[in-house]
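S.K.: Residue numbers (our numbering), protein chains in the order written: chain A, 171 to 535; chain B, 91 to 385.
What the hints contain is simulated information worked out from the structure, not anything from laboratory work.
Do not take every clue at face value.
To be verified - Stretches of chain A that chain B covers, calculated by requiring three or more beta carbons in the stretch to come under 8 Å of a beta carbon on chain B:
(1) 213-222
(2) 295-303
(3) 308-321
Just so you know, even glycine gets a beta-carbon here, dropped at the ideal spot from N, CA and C.
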Amino acid sequence: MAYAATTTPAKNRDPRDRGGEAQPLLMVKGLLKYFPVLGGVLNRKVASVQAVDDVSFDVAKGETLGVVGESGCGKSTTARLLMRLIEPDAGSVIFDGEGVGEQHGLSVRDMRRSMQMVFQDSYASLNPRLTIEETIAFGPKVHGVSGKEARDRARALLGKVGLDPNLFVRRYPHELSGGQRQRINIARALALEPRLVIFDEAVSALDKSVEAQVLNLLNDLKRDMSLTYIFISHDLNVVRYISDRVLVMYLGKVVETGTVEAIYGNPRHPYTRALLSSMPSMDPGKRTTAPALTGDPPNPINPPSGCRFRTRCAFAEGVCATVEPRLEIVADAERHAAACHMEIAGSGHTKAIPQLAPQLSGAVA
Amino acid sequence: MAETTLPGMVPDTPVASRGYWSSVFRRLRGDWVTIFCLVVLLAIILSAIFAPWVAPVDPYKTSVIRRLKDIGTPGFPLGTDELGRDMLSRLIYGGRLSLLMGITPVINALVIGSLLGIVAGFVGGKINMVIMRTVDVFYAFPSVLLAIAISGALGAGLVNSIVSLTIVFVPPITRVAESVTTSVRNLDFVEAARASGAGSWTIIRVHVLGNVLGPVFVFATGLISVSIILASGLSFLGLGVRPPEPEWGLMLNTLRQSIYVNPWVCALPGVMIFITSICFNMMSDGLRAAMDVRA
């Protein structure tokens with residue numbers, strides 16, 4: 171292990187840590203994936219779906235990043251791109267200071283040991299022919315752990331996710347409930363002792379009481395195993411509960427990012443505001459009569475010019491159709507940034523501040 | 091373990107686990123039709139294997155004076171054929187060749203077809219296209235015609251008919267294996283295995299094979315009956331085994347001329363083909379039901 175010479179070994183530092191505390195665990199820059207649409211006589215590429223278009227974000231060590239957005243906005247594709255289950259067209263992923271899949275960087279195989287994923291469909295993500303023990307021990311075995319040690323690890327992990335090892339090791343997925351299966355999936359993801367776990371709608375299919383149990387389990391595991399989470403969900407309440415920071419996506423783009431307090435307390439992008447107002451509320455005084463958002467998201471094969479949200483935005487003006495808004499920092503302390511012309515000083519939008527002192531403006535790197 | 095326990099929530103109840111195969115066996119045990127078919131098949135297969143001990147007389151021994159005797163003739167419980175040979179002994183010995191020609195091509199095709207289908211389904215893309223379009227070429231011919239054409243080209247004989255029937259059965263098995271593999275490959279557990287860092291070979295061995303071989307095996311069991319009928323057909327046409335070998339299809343052919351003299355005896359080889367193939371079919375249906383884990 172080659173540590174950087176400048177880092178000072180802290181008392182309870184993770185031995186797997188390479189970049190130091192200030193180094194984000196994951197840095198994503200310009201991630202891009204266009205899926206080709208094949209058609210015509212010779213199955214040629216006739217168009218492309220712009221699933222993930224120039225997405226950049228950081229995940230700090232030990233934090234939980236929530237990713238929200240409508241169906242089809244590229245949340246799951248982003249997760250699969252990070253795991254390299256899909257090859258990105260462009261962009262770089264830097265895991266704790268090491269470029270994934272780059273020369274002198276981290277190999278994809280090693281990255282997969284440090285980064286794991288839990289899928290939404292708890293049934294489809296378990297092999298029906300393997301016992302729970304075999305399923306959990308599979309990953310460690312692939313990485314050269316001996317059979318016995320892998321089985322011991324599987325038993326220990328079952329205990330950690332709240333299932334009695336003696337009752338569950340020999341059982342098959344179809345004998346378990348949805349909540350139990352998702353616990354198995356979590357145990358399987360943790361079997362490689364990863365540092366980052368991506369949850370792709372991992373609790374969406376569970377009923378509310380089981381969902382609450384699993385969320386608490388995730389919080390416990392995160393504390394006990396010093397994990398970092400990327401939590402993808404369309405349930406804004408769940409994201410608010412579990413996340414430290416939130417990333418809002420729309421049609422393959424990041425439209426707003428910031429701490430939970432900033433996003434839920436002071437949303438700046440009209441899309442985020444619409445999303446939040448669509449959240450069900452228990453308060454009859456907050457009854458909404460007009461829909462927060464109308465229509466479907468535009469076709470990602472041919473997205474709108476300029477700002478992608480302008481076709482559904484109540485504040486859209488001429489500048490929105492011509493210029494694509496960059497992600498602009500709106501409040502530095504809360505790491506709050508939004509991609510909206512109304513937030514960019516001097517953008518030409520009538521609601522934007524016409525001129526601003528230069529030291530306050532600046533794009534997110 | 092801090093965990094929210096909601097009031098009135100039922101705790102996870104422990105259930106003793108059974109293995110996959112033992113649960114298949116348990117379901118099979120309650121299925122009387124399948125059990126009955128299995129017993130009948132077992133009786134036919136065992137009597138074919140132990141034919142020299144089971145058969146009452148020599149199946150090749152001819153006699154001019156006792157030709158085409160009725161069923162129930164003393165000493166000849168199932169009568170005699172057109173050359174005076176004992177039908178019961180010939181039917182027992184005939185099972186050897188008929189079952190061999192019915193089962194061997196299917197086993198061969200199971201190995202070749204699964205391999206091709208799994209590779210095509212798992213790799214996809216151009217390799218899939220090459221394999222599956224080649225397989226489609228064989229679909230252009232009806233299976234009977236294809237078997238006759240290949241047998242005719244290779245010449246009559248036991249080995250050649252097995253080869254020709256193998257070629258006939260590879261395409262359908264490849265198709266089934268390919269379609270099942272394609273659907274399994276897209277399931278999340280294969281993605282999860284890839285996310286664990288496993289290579290393609292490990293994923294095929296651990297995650298794909300177990301899920302694909304079950305359905306393919308059941309499908310192949312159903313093909314055995316077709317194979318027996320086709321093999322009999324080849325022998326009937328003189329493209330399979332040659333007289334005086336006892337083989338059900340060939341016996342049906344040689345007894346054809348005597349159908350007006352003693353129709354009951356002449357129908358016996360056909361009855362054997364019918365019983366064997368229907369038992370294989372019913373057993374395949376029973377296996378399919380028993381192997382469905384969600385049942």
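S.K.: For which of the previously enumerated hints does the structure constitute a violation, in increasing order of number?
M.R.: 1
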